[in-house]
Structures are given as structure tokens and as C-alpha cells.
Amino acid sequence: MHMEKNKKPIISESYTAEKFEDELLLYSKTDEQALYLNNTAQAVLQLCGDDLTVAQIIEYLQKHYPDQREEIDQEVIEVLSNLESNGVITFEDE
Amino acid sequence: MSNQNQSLITGFGSQSFEIECNNNDAYRLAEFLFFDFPGGDVERGLKHYDLIYSGSKPMISLWDGDKRLYFGQNPYHLAVILMNEVLYHCIDANRENHALHAGAVRKGDSCIILPGQSGTGKSTLTAWLVTHGYQYLTDELIFLADNGTVTPVTRPISLKTGPNQYSWMNLQECDDQIIVSENEMMVPHRLLNDTFTPQESQVTHIVFPHYVEGAAMELQPLSPAKSCFMLMQSHVNARNLEGLGVPVLAETVRHCHSYSLTYSRFEDVESIFCSPNVLS
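Just so you know, the protein sequences line up as chains A and B, in that order.
Residue numbering for the first sequence follows my numbering, starting at 1 and increasing by one per position.
Residue numbering for the second sequence follows my numbering, starting at 95 and increasing by one per position.
So here's chain B without its partners, still in its complex pose:
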């Protein structure tokens, strides 16, 4: 690969993005973030960003036209800003699918979505599941079609604290493949489970995770109405959709098994996700 300008095209649905990178390091960062993104329709909308590395101890910057979105030395901070920009525009422009703030994993015919706001532990639980036989789909955002099919926005897994907190991930010799800040990190999902086949899945289970330090584990089945009500709290583009998208969410939950999961220890969670027929 030559050390010259290269563009990475990414996106979802009607929104695409061209990220123009001024050298190999910049391109590697863009690729790190968007390699597994579903891809958008460039004919319908293409937004442009410039990602620039400069200097021997590189200063990096991110530009939206003349507007500088980041300037500094920390790839993690730039990555968060760029990822949030892309996700925001994918969601905002989408009037066909239901954008849900949710993690998602797949195993066999099962597709489990884990809806929840930041801090509920969905990224950590997603990562743990991926290290225990589930295939990664996303830790942050899914697009649900009217027929209940999930298109995941597959990105690196974002976790709150450093690698030492997650001994079950076995990341000791992977420092050069992880982007870190003081309190957060982005981990390529293939480091946790290299089985990955991008494909759409039909939702079969909805688990609303609640990490509560020291809490005893509780798995509570939810009625469709309660599940739909909770799912609406994670529905981020409802205003773009007919009837706020509620009829489609309602139809989806009617065909799924829904649970609320309170947990504090993965030893407890293992009995649910790694035993056959517990989530039925």
C-alpha cells in the first residue's frame, strides 16, 4: 500500500460516507473503525470527511469540510468522534429501518439483541458472549427492518476500562491492535472470536441487560407489551417512522422471547447463555 491519499467508503442505507485519508496510518484507523460496516447507497447521499496524520510524532485531525472536529494525538478520541458522526447521520437519514440502541449476537438460528442505554453493560455482556461461542454482530446499534430482520452496525467493541479489567478476553499480547484512552478502549471483535460472517438475522430473543454491582442475578421473562415498552426506550429514530415505528416493534416482540436480566457476575450469566434451552 502506498503512502498516499486513499478514500474509504462506508455507511448504511441512504447515507454513505467518504473518509479521505492522507496516509497509511490514517487509512488504517478508518479501516479499523468501518471495515465491517454494512455499506450505504452512495447514489443517495455521500458525506465527506478528511482524516489527516501529520508529523513524526503524529498530530491527527478530523475535518468535516472547513470544520475541524478533532485535533490532537489520541486516535481513540478521534475514533469516538468520527464513529459518533457516522452513526448520527446513518440514524438521522434513515426513514426505512428502526434504529435501536442495542448489542447483538448470533448462535445457530438464534439472534439475541441486547437493548439498553449507555451504562447498562450491553457492550461488556456482548463482548463476553462473543468469547463464549456467540458470533459478534454489534455492541451499539442495529437497524431493524419491518419484517424483523436485523442489520447490525458492526464496529470495534467499545469498553469502559482497560484490558486488565477483562481477563476473560485474553488480550495480553494484543496491545498494538487495540485503541485505548485513559478509561476506555476499542477492541476489534475478531480478537475475541474470529468467526464472523456478515449476514442479516431474524431476531429471536430480546434481553434487556442491567449490570448492577453486587446484585444477585435475575432473569425475568417479559410480556410482549412490557418488552415493546422497553424497546421503545432504545428506539433512536422513532420520529422518522410511521406511527413512531411502534406497530413494527410490537410485531417483532410478539415473535420473540423477551427477558430482563440483572447481573453482576459472568459466572452467573454463563448458566443462562451457555446452557441449552434456558432462553426458550
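This is chain A alone, in the form it adopts within the complex:
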């Protein structure tokens, strides 16, 4: 799966979050879409709100979870692709 890592993910305002202890449900009032997010996806989504590029998000998570360094790159890209395809985020140039 390819993704340009110098792009910044931007969170769409049409989604609302419903928090359940350590899980999150996102839903859009405009198109009645919903998305279930596990812990990893929540962490990535939170970083999307911090004005970071894809590369910076990966770097941040790799620093905090050094023993999962190898998996994090692919996992972040998968989560971002899923969020983008559901309209939760869009990408803009840095």
C-alpha cells in the first residue's frame, strides 16, 4: 500500500465521536457512515489532529513503541487509508 508520507492528514468536521472506555465510534451525520476504531486507530486519529505529516506520525509512534517499529509503518498507513476511504480524513500538502 503506497502513501505519500509528506502529506498531512486533516480530520473532517462532519464526524462525531462516541467514546466507550478504550474504544471509539465515529459517525457522520451527513452520510450516516460509521466507523469503529481500535486503540491503534484511535492513536493515529489523535495524531492527525496535531498538524503532523504521515512521516511524523509514524516517527512519533515508533519512538514511543520501539519494539513495534517494524509493524508501525504499515499499520499507520493502513489506518490512514481506512480513515480516508471512509471520509474521516483528507490529505493536504505540507
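Possibly wrong hints are sitting among the right ones.
Derived DSBU-like pairs (lysine-lysine); straight-line CA-CA distance at most 35 Å [what the hints assert, rightly or not]: (1) B/LYS161 <-> B/LYS151; (2) B/LYS320 <-> B/LYS254; (3) B/LYS320 <-> A/LYS63; (4) A/LYS19 <-> B/LYS320; (5) A/LYS7 <-> B/LYS320; (6) A/LYS29 <-> B/LYS320; (7) A/LYS63 <-> A/LYS5; (8) B/LYS320 <-> A/LYS8; (9) A/LYS19 <-> B/LYS201; (10) A/LYS29 <-> A/LYS8; (11) A/LYS5 <-> B/LYS320.
Since the hints were made in silico from the structure, they are not lab data.
Following the hints, position chain B against chain A.
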């Protein structure tokens, strides 16, 4: 009962229906379908249908004003059209309750809802539960209030194939009480369990059934977030409600036990629903 025009009033919430029947046979069909419906507020909205039987080998027809919705000889086909009309308008007009595509049964203090789309086996599982000590509420639609209370839309149970497929129902001598088509039938729920007390119930369990031919049974507990996400797939009037109704669904699932159930044989299901403390 005289053989003359009679009207049956039914509905739910803000939508009511007057079904005007031209003779006893027509009225019996309307009563068969709507006898246990919760009942609506006739002051807020009354929609009218005409149900007409005519001829010695009766041709039956269903009318919405000048618009003919059905004309033919099969009561089952007319019944499906009329039921779908009524359900559609009940759901479409409702801006207070959460309409969920779900079966529902009750036993003691437990109220189990079985949400799912057509083909997941919820009607068959509902029928089986009703023959095994659970009280029938509905096989198709519930209205959930903001406080988690369920008002079921109680109707005849709709099943996909003929009576021979369901030996556990013991319907051999009930042909005259069942409406059938080539591949489907409607069964009055009292034939399966005559204990029925219409009353609102508080949801205690949510079981998402998935009938998969030949599959091994699997009962998987669901987290509240996953349960809410799956429940949203069965929420049919979300657009009518504040925040798509999600805050209320979320609050409901937080107070329930939720499971995903994959099954193919009722012998397996029995160990879950007929043993104490399995669904806890």
C-alpha cells in the same frame, strides 16, 4: 359478525392506519396481521387503505386511495405488501423512537433483541426461541425509547420456507391458520407459544445472529463500541433523530450484554438460550 364493511385501526406512535375491509374474510386477514400491533395516535395521523375480497373464488385487492397496490388471489402476497406499507409509514413518521430491524423475545426479567438484516436468520431463531420457553415480542421491528425500553411491533412470524422445514414447530394441523406462498409463510405466534402479554420491556441482551449453513456455533461477546456499531446497521430511522440516535444506542448497549452468534443447528443454540447463566 355481519358480512359488511368493517374497519380495523392500527399503527404505532404518531402514525395510525384505518384498514377498511369489505367483508369478514378481508377483516380476518387484517386482524391476522395487526391484532397485536401496539396502536397509534389517530389524532396525529391516519392513513387509509381498502382491503377488498370479491367473487366466489375470491380475487383480493389492496388500495391506497385510487392506487391499487395488489390484485390477485394470494392473501400472502397482499399481506406482505400491506405489512410493508404499514411498517414503512410507522418508521418514516417516527421522530421519537429508534426503529431497529430486530427480532425480540422475553423470559422473566430478560429481554433479548436479535438485530440483523434479512437473511441472518433472526425470524427463524426468534420462532425457535418462542417454542422453547421465550415469549414472543416481534420477529422484525422494535421501537427503542430513549430510556432503553422496547415497544415491539408484534406481527405474525414470517419464515422463508414451508411448514415441513420446521418440524420443531408442530404445525401439522394448523394449515388453515397459516398464510403461505411458494417459498414463505406467516405463522401466528400464538400457535408456537400461547403465552403472550403485551408490555414494554427493558433490553437486557443484544444477540446479533448469523445463520451460516454447516458452521460451527460460536458465541462471541462484543464490546459496547462494537455492539453499537453493529446496532447502527439495523437502525432504520436514524436520519429522523438527534445525532442519528447514536448517543441513545450507545447508552443502551452500555447497560446490556452483547454477543455475536454464528450458528447452523438449533441443537447447539439450545445450550446457550436454554441453560441458565450462559448469556450473562
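Checked hints:
1. A threshold of 35 Å between alpha carbons decides the hint, and for B/LYS161 with B/LYS151 the separation of about 23 Å falls inside it, so the pair holds.
2. The hinted pair formed by B/LYS320 and B/LYS254 meets the criterion: a straight-line CA distance of about 29 Å does not exceed 35 Å.
3. Between the alpha carbons of B/LYS320 and A/LYS63 the distance comes to roughly 30 Å, so the proposed pair stays at or under 35 Å and holds.
4. For the suggested pair A/LYS19 and B/LYS320, the alpha carbons sit about 12 Å apart, so the restraint of at most 35 Å is met.
5. For the hint linking A/LYS7 to B/LYS320, the alpha-carbon distance of about 31 Å falls within 35 Å, and the restraint holds.
6. Note on A/LYS29 and B/LYS320: the hinted pairing holds, with a Cα-Cα distance of about 19 Å set against a maximum of 35 Å.
7. Proposed proximity of A/LYS63 and A/LYS5 is supported: the alpha carbons are some 17 Å apart, at most 35 Å.
8. For the suggested pair B/LYS320 and A/LYS8, the alpha carbons sit about 29 Å apart, so the restraint of at most 35 Å is met.
9. With a C-alpha separation of about 32 Å, the suggested pair A/LYS19 and B/LYS201 falls inside the 35 Å cut-off, and the hint holds.
10. Pair hint A/LYS29 plus A/LYS8 holds up; C-alpha atoms about 24 Å apart against a cutoff of 35 Å.
11. Taking the CA atoms of A/LYS5 and B/LYS320, the gap is about 31 Å. The hint holds against a cut of 35 Å.
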